[in-house]
Amino acid sequence: MLVSLNWLRNYVDLGTNPPEELAEKITKSGIEVDGIEYIAEKSTGVVVGHVDVCEKHPNADKLNLCQVDTGEEKLQIICGAPNIAEGQKVAVAKPGAVLPGDFKIKKVKLRGIESNGMICSLQELGIDEKYVPKDTAEGIFVFPDDVTIGDNVADLLNLNDAVLEFDLTPNRADALSMLGVAYETAAILDEAIEFPDETVRTENEAAADYIAVNVEAPDLNPYYGAFVIKDIKIKPSPLWMRNYLMAAGIRPINNVVDITNYVLIEYGQPLHAFDYECFASDKIVVRRAKNGEKMITLDDQERTLSEKNLVITNGKEPVALAGVMGGANTEVHEGTTTVLLEAAIFDAVSVRKTVKETGLRSESSTRFEKGVDPNRVHKAGLRACHLLQQYADGKVLAGTVSFDELDRSEKTVEMETAEINKRLGTSIASEEIAQILRKLRFEFEQDKTNFIVHVPTRRGDITIFEDMLEEVARIYGYDHLPYTLPVGSSQSGGLTEQQQLKRDIEAYLQGAGLMETITYSLTKDDLVRKLVSPELSDQTLVPVQLSMPMSEDHKYLRLSILPELLQSLTYNQKRNQYDLAYYELGSIFISDEDTLTKQPTEQRRLAGALTGNWLEHPWQQEKKAVDFYLVKGIVEGLFAHVQIPVTFEQAKLPDMHPGRGATIKIADKVVGFMGQIHPQLQKIMDLKETYVFDINMEQVFAAYSNVPSYHEVPKYPSIARDIAFILAKDVVAGDVKATIEQSGAPLVKDVKIFDLYQGDNLPEGKKSVAYSLLYQHPEKTLTDEEIEASYQEIIETINKAFNAYVRS
Amino acid sequence: MKEQLSALETEALEKIAQVEDTKALQEIRVAYLGKKGSLTAILRGMGKLSKEERPVVGEMANHVRESITAALDEKGEKLEWIALEKQLETEAIDVSLPGRPVKVGGPHLLTSIIEEIEDLFIGMGYEVREGPEVETDYFNFEALNLPKNHPARDMQDTFYITNELLMRTHTSPVQARTMRANDGSKPVKMICPGKVYRRDSDDATHSHQFTQIEGLYVDKNVRMSDLKGTLDAFAKKMFGKDREIRLRPSFFPFTEPSVEMDISCKVCQGKGCSVCKQTGWIEILGGGMVHPKVLSMAGYDPEVYTGFAFGMGPDRIAMLKYGVNDIRQFYTNDARFLKQYHQV
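Chains A and B, in that order, are what the protein sequence lines are. This note's numbering numbers the first residue of the first sequence as 1 and each following residue consecutively. This note's numbering numbers the first residue of the second sequence as 1 and each following residue consecutively.
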């Protein structure tokens, strides 16, 4: 809603409040003023002049040489506008004048002849082209005859007006009218309201002789009022009205259309004017459209209708899409003499549906959708008749022909001073509450601290006590509410064990060198089934799909975090950033339903993706590319950090390098996977060698125990023994380690692999793996003999199990 | 002999004072104190002295030996120190060369902000609650006083999956779920952070996915002034003590009365600039008193229980606090962007 302050001054005395201060007051009382627009930048020295003489420029075809009377002086001005003519009253920028854009007017010579000023178009005076009436868009602006020569043009054209741009919340439909804004500002400034003139002199002839109203769908059209106005003369509307309409963002057209638009903005009640001759019938029938019925709307578009749409018809065919847009066939035109004026109320939901279907959102439909005041519809019709009489020479026929099943009753809300104060935390006196209600112009009955408020129908948003509470609070001023802290039952608050664990895990990952990322949960067709964790891929998985996605890139809910995470790597690599270590903790969405009937299972997962060199600038360290074991170390460290035993098992997984993939298990249950992504996928995604991990966090949460079990710190010394075995290349080093642990128990407390060698000095097809064994007894110091016995036993066992021998 | 000893001492101490290296010092030690040294030679002549003289000269000789030894030791230490210093000087390194880098990651800026807000409210006794990102129409809208065809649903363009299931458009359904889980009898004091989705085209100021964090407090006798006090305490901690806040009336279907909170613009100190659209204020948060319909739908008697709720967007807060000018930066994960905020 654009609110011209000059227009608003017709109803409320705004005093000397600068626009910025007024905007601040309105904002603080509940209607956000989004901006203040000045109609035009300041211009000075522009006055009304009379074109006494207008001749062709002797040296230029397209220029005219004018003698212009500006009252004080007569100026010779050269003008290039095609519509300039003798006898016109025009806007003259005299030498020394300044136009918007700091454009200074000077005396100049054009094609050898002196020009002392400039005759201006509306655009040159700073009015936005889109509001300039079409007939003057190509040339200068011509004033009506009744303006006085020498008068200030800025005042005449309302160029000094400031326009407040309201960002209205859906509940404040009442402020979609100048009258509604007048109520609001009057309440804020505690001022009186001057109401518009609705008086009409009616003819003897009755409107009912011209038209009948028949509403066949009263559920969608509870009120329809028709006025008939004869002897209309179509001409431009008065200058002040055109100015106000332009300020409100509406392009002036002619007096009849301008008056319906003016009342629409003034009262918030949409009106429609039909040309009575074109209407070609003596009855209005309001009904649901027939399926497939067609009509051409004012914008010259043919619309195919359905029974969801409400139409105004002349008994035969639709002449308007009710509350949305009129029809082309009954449009008011230059030759119109009799006007059939509609002042009606249409059902909000029905208008809303028609708007959604046709995309025709207009000033009218917006107001119907949000609800208009049932007590203002007839008054708006009268106001329009008053203006048509005055500015279109119209003769208003007696009576309003109407269909009326309208509920005009007011809601009542009871409230009590103590309850208001208890809810707000204030101590407002009853008299102050009464004063607030008077400012709002709400009628009420008061019995000491009890109030019964009769909420005016213009405020359809107020129905319950809490709504009134807000009214009282906002006029009282949110600024005046005290600051308190809750005094109710206290609780300790805090994170749950899982939330704390999540933070701990993230701290570990970040400390380990990984950067947290957040990617989109919605992904695209060719990625959604990529890199799904193996424990999920053996069940039926149907990606959840949006019914109306905004783009193909974000259409499916992810089944894995990795595809979008990998896209982040690609994004970076395209920008020459190759060394990346990323992780994300987020949900995936699991469902097996083709058509979703229940919410999908949301499973939290932790995914990581690493590529390039571990350190960007290693400096005095080895330049090391990210590889399987680096990533495995990070994952192992993670599980060690949360004290959950975990194992890795070689696995051939989809989208993964067949020789460099592993499942991750907690107690024999697969909870995720890791490894290098398949080189083919790397190629498709335009990535260099990339390693990933993906872990089901729900399983980690389930396996986690907050309190680590206590192990006594050993009292007796430990003894380390190293041993290297020559193994066949295909023997899994981890299996050997497990066997050592079994065989060495209980004396061997820990086994670590510390070296791998495959190269010269070894027989073909062999490798050497070195293990470090830690011997320890809880109750004594082990002797060399005890250790040696165990050591020999291990060698023998490994020899038998793996055909391995000790490397000397 | 006394004179001899005295002269020897003087001579020795002089030589020790002049010597510059440990080898020469060692030679002096041998020359005076060694088996063939001068002091030894003099002492050998002691036999020729009388009984009376012997102890006197002996004492004097001991004194001379001690004096020379002490001077030798002192000089030795000094020379050693000088030698060490010389040695260490050759070991000097260029400290301007870089240290050996350690790989350190860091949190996403939005996570930092969410955790900061979580911690502020945890300090005020709030719990942290989470909820599903795919929601039912009921919990996302209806339970929040947004029935089907309500015009306020236009405020949020929704990604529907079916007629009844959708991507949550706000974290408010977590409020509805938490209240319902409390059987309409226990107080609720919680905040709920999370991802939300809107049917928007991505551009510098719009993202189809972003984050929200909301708070809810329901109890007997919760007042609107409690909301004001709570938000003021939060804003002062989050944005700084010098920032002014103001509340102004607004509209949300799930609260009545409703508020929006502005903080004074940090860029222009409230004078008006392009960041605050010349108003001096920046909108940061919405909230209000929980609508009685929302309370009763969740099983609370609105005659007995009242409450307040509020919600804000960490993306917006991050953009304002750190001057990020494109919301897409949060989701494209450009390493150069992510790294900037690891110390936040």
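No wet-lab data here; the hints were simulated from the structure. Small disclaimer: the values here were computed from a predicted structure and weren't measured. You may find that some hints are simply not true.
Where chain A lies over chain B, by a calculated footprint (3+ residues, C-beta under 8 Å) [as the list claims (entries may be wrong)]: (1) 14 to 20; (2) 50 to 62; (3) 72 to 84; (4) 115 to 123; (5) 168 to 180; (6) 221 to 230; (7) 333 to 343.
Glycine included, C-beta positions come from ideal geometry on N, C-alpha and C.
Each hint, compared with the structure:
no. : hint       : result
1   : 14 to 20   : violated (count 0)
2   : 50 to 62   : violated (count 0)
3   : 72 to 84   : violated (count 0)
4   : 115 to 123 : holds (count 5)
5   : 168 to 180 : violated (count 0)
6   : 221 to 230 : holds (count 9)
7   : 333 to 343 : holds (count 7)
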